[in-house]
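K.L.:
Each chain, written out:
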Amino acid sequence: MPRDRFETALAQRAALDAGRVSSAELVEQSLARAEAAAELGAFVHLQPERARAEARAADARRARGERLSPLDGIPVAIKDLMVQEGEPCTCASRILEGFVAPYQGTAVAKLQAAGAVIVGRTNMDEFAMGSSNEHSIYGVARNPWDPARTPGGSSGGSAAAVAAGIVPIAFGSDTGGSIRQPASHCGVVGMKPSYGRVSRYGLVAFASSLDQIGPFARTASDCALALAAIAGHDPADSTSLLEAVPDYAGALRGDVSGLVIGMPREYFAEGADPAVLARVREAVAELERAGAKTREVSLPHAPYAIAAYYLIATAEASSNLARYDGVRFGRRAQARSLGEMYRRTRSEGFGAEVKRRILLGTYVLSAGYYDAYYRKAMQVRTLLRRDFEQAFRGCDLIATPTAPEVAFRIGEKTADPLKMYLSDIYTVSANLAGIPGLSVPCGFVNGLPVGLQLLGRALDEATLLRVADAYQRCTSWHEQHPEPSWERGG
Amino acid sequence: MSARLQPHPKYEVVIGLEVHVHLCTDSKLFSPAPVRYGDPPNHDTHPIDLGLPGVLPVLNRRVVELGVRAALATHCKVHPCSVFARKNYFYPDLPKGYQISQYEDPLATGGWLEVEVSGYDAPVRVGLTRIHIEEDAGKSIHDAAIAGDAGSHVDLNRAGVPLLEIVSEPDLRSPEEAAAYLRKLRELLRWADVSDADMEKGQFRCDANLSLRRHGAPELGTRTELKNLNSFRFVEEALYAEIARQAELLDRGERVVQATMHYDPSRRTTRVMRLKENADDYRYFPDPDLLPLRIAEADIDAVRRALPEVPEERRARFERDYALSEYDARLLTESRALADFYEAAAKASKEPKSVANWMLRDVLAQLKERDSEIDATQLTPAALAKLIALVEGGRVTAASARPLVAVLIEEGGDPEALVRTRGLEAVSDSGLLESAADAAIAAHPDIVAQIRGGDAKGLNFLMGQVMKRTQGKANPKAVREILARKLEA
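Keeping their order, the protein sequence lines are chains A and B. For the first sequence, the numbering used here begins at 1 and goes up steadily by one. For the second sequence, the numbering used here begins at 1001 and goes up steadily by one.
These are computed hints drawn from the structure, not numbers from a lab. Hints should not be assumed to be uniformly reliable.
Stated by the list, open to error - These stretches of chain B come out as covered by chain A in the derived footprint (C-beta under 8 Å, 3 or more residues):
1. 1042-1052
2. 1095-1105
3. 1408-1415
Computed from a predicted model, the values in this text were never measured in an experiment. Cβ atoms here follow ideal geometry from the backbone N, Cα and C, with glycine treated the same way.
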């Protein structure tokens, strides 16, 4: 019996618990929908055999009255830069063609320990560099709300997979907004946890000091389940935090009374589409009606965030991507000398945007420029972190638009990288400051979803989830779904 | 201080050394892979050492402890916060495309060593600029004989092995001083259990910076760097070759160009390997995968307290407490294991001087014969002390006891039981000795006549004869008395 395409993980779990459906059926349904949605380009790799076996194992557990976690038997998807032992991991790059991971990443290990069934790997911008999912060797991913538009990026495939009802939960990574911006464009909830909350062991690095894995779901409550499954200290990641993981699901009390929402004056000034800003203001007004208070706050160094971000992220990327040299794994070009082998392997293996960022980053770290660029950017980062600390003395969370506009058309910004980079204008600060951020659907502009971004104190994911959940309890944006026009004959 | 060696009449030689030392840890600097020598290529590797996508380094705590130990043993200041940085360059044996090292903020700075140089009447104090922690690279093998075909091969067993880089000030003035410094440093690192520092295994590698200036000139000349000098002999040879090369250039009025040099041991010459005019740009930046290394003062103190007494202090104490000559004390403190053994045996015995004699005469000879170290044998300090006590007490003669040292080294055991079961107890039975003495006197009338004629030398010969007849078990004192009495008669 086909189930509601847009069922949440919580609802699936209830159905599983009640014996109304099996994990095998849920997984089969996800696989079938993924196949049928080929046109969206959300997935780059499906792993049906493994997923079916895992689903059967989950059903067997349930039959014995066991359950590993609330996600046991629930189909999920992971971005093609999260390592799963025995599966390909290409980061949507030619240079990792043929690479099959010989070790297990921590987030995937945790998902497996929770019983979640990974059905496949999702499309992305190559090495997570992009805001539109247009830089992928597999081709573009499309926005389920309008397949002529991008789903955002870089985790475009994960956002599209959830928005299209293929899986209730997907995981992505966020270096400068790569979860929140596509979540906003696809009308789903997406969360970037605090830096260090989720282990990066097995997350292929773009910019190590900024990268975090996080979940996509249609509701904040599903996000809470998904985050709980992957969060926590990992001795294999020196930057992972020791602090215990709170009960995220338990934090969803449904009320926001007494909470103070900060509205950064710099983010409501200009630069964003006025219609998007209007939706965001309306959302904040809704939260006020629910009992929250608002006040203006200031993040004086916010205007420098994009510049600092693109210096730090590219610097780190230029070093992180040096390992793709054709020597030990992935693609190797034939050549007569070592230098030529390096040049050809990397010239043929990397796409234009990745090359652009490697060049930028190499320049930024070069002798004579380091102080002017990298060191200066790190100083800005410190100042920005202080801005947030200062702001959070007067508020419990901060509300902003997630992106300056709704999903743009495929091809619209590819010719102008700088314009593309400005898609991250509201999101990069959270990565630079290491604080958590979440995007929740808050309405539509021209039939396309708008996201409200909530930023919180470091390690205070619970408050963001609580507020987003309370907002979803009194709004119904998340219950509006795209027409599955992408399904053949559907 | 007496005058230091002047290797060149016209130019003063200025040398600074960079030493890379492998630390003796079970696992690598940032991965759980084992550190072993002689395993098949690429056997001792973890995904972290291979630089696979998505892996992250985790610092080996033991490395920090050893680094602090080395720093304290060389009088460096250990910094409460040091930072790991990435040194970016491409090479096939560098899996990540960067080496994790320390750059702006090293583990320790500002130490010194006192180096004894042969022929100097006072040691030379050599400053240490810095000590930092870094990972080793793998090995590239271009030799077709090893690689098996024409291609180049990479062995990553060594990739990620923990290293300390120890950089000296340009305080050395001759190749002899440089070699003495290296010997001293190696001794200290072994002593402090920081490294086995085996040069043949590449655990102790040296790069040298050398420049010349006219005697008395205030500013330093242009230096060149000699890479990978992997034996003490090569260090001296290579430095002399480079002194000759630079002096010749300067004599001709030419400039020394900053370069990395290669030493060719077969021709005893140095040649330019790589010019440094276009300085390498390694694009160092702090490694975002690792937190700054913070070391609490209390932890540094704990390492300091656990640090063994340095060799010079122990030598002086041995001279003082056990009345040893400087020469004997030096021999007994050549390695920490030997010194520990001696001290334990000296304490177990009431005769520290005898213990020293037995060790220097018998134990070291046996070790040398076996090419072994004291702690690799079955001999215990208590057993040696007991054996010596048996000799001193007249229970066994020194002659009978000496072969037991080899037995104890090979098999261990209780010296007293060995003496008993092997029937080595000294013979003091006067009847037996009397008849042996009579027999010796009867057999050598010529010697007896000599002695009676006033030449006492023959007495020792007769003693030897008695010993022979008693298989060396005769108590020498008793034999001497008996012979003296009989010959007087």
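K.L.:
Confirm or reject each hint.
P.N.:
Each hint tested on the structure:
Coverage of the stretch 1042-1052 of chain B by chain A holds in this model, with 4 residues showing a Cβ closer than 8 Å to a Cβ of that chain against a need of three. As drawn, the stretch 1095-1105 of chain B meets chain A at 4 residues by the rule of a beta-carbon pair under 8 Å; at three or more, the given contact holds. Check result for the stretch 1408-1415 of chain B against chain A: violated, 0 residues qualifying (beta carbon to beta carbon below 8 Å, three or more required).
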